[in-house]
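Undergrad: With chain A's structure known, arrange chains B and C on it following the hints.
Protein chains in written order, with the working numbering: chain A, 1 to 119; chain B, 1 to 415; chain C, 1 to 486.
Think of the hints as simulated: they come from the structure by calculation, not from any bench. Treat each hint with caution, since some may be false.
[Unchecked claim] Below, simulated BS3-like cross-link-like pairs (lysine-lysine); rule was C-alpha separation at most 27 Å, straight line:
hint : chain 1 : residue 1 : chain 2 : residue 2
1    : A       : K92       : C       : K479
2    : B       : K367      : A       : K36
3    : C       : K296      : C       : K83
4    : B       : K156      : C       : K479
5    : C       : K479      : A       : K93
6    : B       : K180      : A       : K84
7    : C       : K181      : C       : K191
8    : C       : K296      : B       : K237
Given the structure is predicted, the values throughout are model-derived calculations rather than measurements.
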Amino acid sequence: MAEERVITCINCPMGCRMTVTLEDGKVVSVSGNTCKRGETYAHQECTTPVRMVTAVVPVEGSRLPCSVKTRQPIPKALIPACMKVLSETTLKKPVHAGDAVAVNVCGTGIDVIATRSVL
Amino acid sequence: MRTKKELVIIGGGPAGLAAAIAAWEDGIRDMVVLEREHNPGGILRQCIHNGFGLHRFGEELTGPEYAQRDIDKALELGIPIACDTTVLSLSEDRVVSCVSQKEGYQEIEAGAVILAMGCRERPRGALGTPGTRCAGVYTAGTAQKFVNLEGFMPGKRVVILGSGDIGLIMARRMTLQGAKVLACVELMPFSSGLNRNIVQCLQDYNIPLYLSHTVTRIDGRERLTGVAVSEVGPDRKPIPGTEQYFECDTLLLSVGLIPENELSRTAHVHLSPVTSGAEVDDSLQTSIPGIFACGNVLHVHDLVDYVSEESFKAGHAAAAFVRGNLKVGRTVKVRDGKGVRGTVPQSIRLDAEDGVRLMFRPDAVYKNATVRVLCGEREIAKRRQMIFTPGEMAVIDLKKEIVKGLDADLTVEVG
Amino acid sequence: MTEVLIIGGGVVGCSVARALSRYDARVCVLEAAYDVSEGCSKANSGIVHAGYDAVPGTLKAKYNVAGARMYPALCRELGVPYKQNGALVVAFSEADRGTLVKLLEQGNANGVEGLEIVEQDRLREMEPEIAPEAIAALHVPTSGIVSPYEMTYALADHAAINGVTFCLNTKVESIAYDGEKWHVLTSQGEKTCDVLVNCAGYMSGVFHEAMGGEPMEIIHRRGQYYILDHPDHMPFARTMFQCPTKMGKGILVAPTVHDNVLLGPTAEDIDDPLDTQTTADGLESVLSAARLTWPKLSVRTAVTNFSGVRAHAAGGDFVVGPVAGNRHAYEAAGMESPGLSAAPAVGEALSEMIAEGEGLQRKAEWKPFPSRPKPFNEMNAEERTAAVQTYPLHGNIICRCEVVTEQEIRDAIRRPVGATTVDGVKRRTRAGMGRCQGGFCSPRVTEILAEELGVDMTCIRKGAPGSELLCGTIQESMKGVAEDAD
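Same shape as in the complex, but just chain A (with noise of 0.2 Å):
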């Protein structure tokens, strides 16, 4: 089944508008690109498109809370998943910077480390 999606390509101002042609889950074609990158771009974020999650943390005993990463890019159909298990989640001092605080999260074999430490 063919599909077809505009997209933004990100990786420069030019942002150029791109038409890229799905058929069955697989990009057969990318058009509206300046250069390679966008096409490389097009085929990763119509495939597989994943997203950095970035939040804060409570820590207790702490009035501020600590930021927080996911080591890696996670799908981004799993953000929401991911907001969820952190809102749920609570540090216990001292939390060092590149300390796991979720691990494997929500089965993307990631994990979410603290950018920051609270000690």
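TA: Okay, now just chains B and C, sitting in the frame of chain A:
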């Protein structure tokens, strides 16, 4: 209490820290970084999203992580950072008066001063938007501080005015945290934010972006209840009959950043009406000898990586000044030509130690355009680029040999 | 002991309360808003008018001139910023010149000192930024500027120090006299008293009638203003008026006591006295009128715009004294401009009338106003050194634009009639009044308020109930959000 220091750096954000590290590396030890917040790191502390450091470190860091690298380096070197310390004034002869709970009121006679105070957000009052003065109207940065540093939500139904990167980032941040962001409204016909942020902060969450629109009225007696939004014409004035209404409890403003030069003014540093920052030469020295400026207090940058790069330069130059090694000699002026706004530096020393990078903002979007540098009538540098946008700092480098041969004022133009 | 209830905690109500606190009576101020000075007293031009504008023989003329004379000493006593900066009423035409002559005669009749008409050359010497179209001006050397809300807060504090109680968030819903006592039904329950005093600003007409007076119409007249940031050079040393019209004193351009520039007000009659919004048309008309006086005006440095609603009595004059019928009821009603200028004199006069009418005795001891420290922002190096040594929290600057310390913010919350909101802190200390409009300091001020008041951050308001700044913690806000929101 009156003391002396060879170098005083005002501000412990990315600019101040980089300047301090550079000066230390050049052998300056009698120095202090004055930071008004409880921790160094500046605004990066609340920028928990990633995307910082690609140029400088070759990897994407979050704001706190980027800041920590410089903080760790400064601590490792032993650079003294005085936090919770607010500078109250700076004089032309480089006396810095400051106050802290720990040290009380102090005056420091500085051999050199580096201004690294950053910038502030334009508030509602500066826009003159009519309406009530209810709760619920915040600058995006204030909301960011509440959410990311304090862990509190300022509201649940949100309209964002301005599509700068901070506004876009906050659109996503509020959404992920359970708020409903109804719209992002931009006065100009283009966004000043990165495409990546438009895609990943607005499109990912189906938040509409209204270009050439603005908020024309703010309603709500106690708390915000809604805003009126109208389309604007080419004169940026609202077009009658185009009004639509958004019921919301929160309006976030992301409508521009202003270098914070109140201290520079007390020292009579000459400021540029275009950048709102100091006018500097290629060594980042201002009109007042021994006072240097770098980072967002000099001109609002798009990437922190460039802030750090510029600030290293300021640190080295200030160290040279302290040692009596900073040459000034003959200079040429750099002027904004067609399509160019706020070129920094505003002058170049002919005996600059290195090549010189000119940075500026184009005044509109230019596709397939060329930036040219003219020395008098003579073209001395040019570079072609697929696109120039006001949201992105444009740069052009002048090699050392070219700088040596300058014989007239320079004009930078895009077209 | 005689019980006195004063309805209204504006500058008039607080003046009366302070003056009455010298007498042996139990005095309580009922204020509908969350703080004193919340009506017209917080949003007006802050001018202490000399008194040339009022028709001779009116109460406006009498109390304006008397009040203006009290200001310098009173402000010194209460530590309120006041400056006798003088004023110029500018004529742009020969018709205007006629008005100047009339104002001069009126002023002389009212006993205003030092009035003179100055011609072009002298005018330009005095105020070089004045528009070239100006042909002459009435020079009013005794005109002053004051911070109207700081005045009200100080009056309230001094009254409170001398035993006056303040019931805030207490809206009077109805009043009734049973031949002996007044029964005042409020949003916080019923209160009774022997003597009732109406200082209710825009509501003063309603209470006047309820107390037994003839119907009195109060017209709600809105005035919109711009405030500009501290300029490098103050454009005008004096308050620059244009010639007055039936609707008021016209658009002025004036320095404020805190070295901002004030432009305004408009004069629009509106139905709802609480409708303090600004409008595009109103703000535009402020600018265009102000440019007549100051052609170089630029709004680039605007820090904010606001509006206030003044209570204009259709009768034209103040109504001050006992309400007809001898029911132990008194009032200061229809206190529009020059109400601020007149307030101290009205306070004294009305309290004397009450004391005489009700047979109140002077207290043996009346506590003076405690001397207040100079704002940190205005201290010199030695004073700052000493201040931080004594109170280390002066070392924490919370508002960087206006240089306000943590100690000053905590003190403002701890005052006898203290701040309970971010706006209350702002008006008492200037934290958030500057160019960033609280962008940097409001989170910290919120925190300090929560600490001082012993409540959660989410309870802290900007101003009135319902103006909470935060809606919950980030974790709370995630409850009920669907996982598959997209």
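Undergrad: Please list, smallest to largest, the hint numbers that this structure does not respect.
TA: Every hint satisfied by this model.
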